[in-house]
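> The lines below spell out each chain.
Number of protein chains: 2
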Amino acid sequence: MKAIVHIRPRSGVLDPQGQAVAGALKHMGFDEVLSARQGKIIELELGDDDEQAVRQRVQKMCEHLLANTVIEDFSISIEP
Amino acid sequence: MKAIVHIRPRSGVLDPQGQAVAGALKHMGFDEVLSARQGKIIELELGDDDEQAVRQRVQKMCEHLLANTVIEDFSISIEP
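Top to bottom, those sequences are chains A and B. In case it helps, my numbering puts the first sequence at residues 2 to 81. In case it helps, my numbering puts the second sequence at residues 2 to 81.
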């Protein structure tokens with residue numbers, strides 16, 4: 002079973018990586034770029050087939066390691 | 002208009018970040034983790050409303066700055 006975790010900076014939290022991306026794109030002539038925010042995707046391959054259990058375990062992985070919940074939001078999607 | 006760009010290591014390309022994540026999770030007791038791969042999400046806010054044009058421009062942004070197409074794949078989704 003596969004779990005895909007999206008981790009993004011919380012709205013309102015300063016995102017210097019995103020600002021750097023937006024600045025670089027404007028500098029290259031992409032003037033339509035108003036702003037950018039950068040986050041992470043983590044794809045996990047898991048040896049467990051119970052979707053409910055997998056979701057709970059991945060939630061714990063996010064809280065304990067993958068995301069910094071003070072400044073980041075995360076969402077989990079499970080694929081068979 | 003909003004464009005969301007997903008950038009992931011190409012399959013077959015070594016992904017040391019993903020390996021570190023998988024190793025750390027196993028070390029913490031998440032033994033069901035078989036492997037992990039880590040990529041990026043970039044959310045762009047764009048001052049242009051033509052979906053076709055936006056997609057072409059974002060494709061160029063990916064090829065020229067956002068993704069390293071030798072080792073990374075990217076996909077673009079557009080939201081109003």
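Be careful, since some hints might not be right.
When chains are identical, the list treats them as one kind, so a pair holds in a single copy or across two.
[Stated by the list, open to error] Each computed SDA-like pair below joins lysine to any residue, with the alpha-carbon atoms no more than 25 Å apart:
1) K3 x I77
2) K61 x P81
3) K61 x E73
None of these hints come from the bench; they were simulated from the model.
> With reference to the structure, classify each hint as holding or not holding.
How the hints compare with the structure:
For the homomeric pair K3 and I77, the shortest alpha-carbon distances inside one copy (10 Å) and between copies (21 Å) are both at most 25 Å. Taking the shortest Cα distances, K61 and P81 sit within 25 Å of each other inside one copy (20 Å), while across copies they are farther apart (33 Å). In this assembly of identical chains, the alpha carbons of K61 and E73 lie at most 25 Å apart only when taken from the same copy (15 Å versus 28 Å across copies).
The structure agrees with every numbered hint stated previously.
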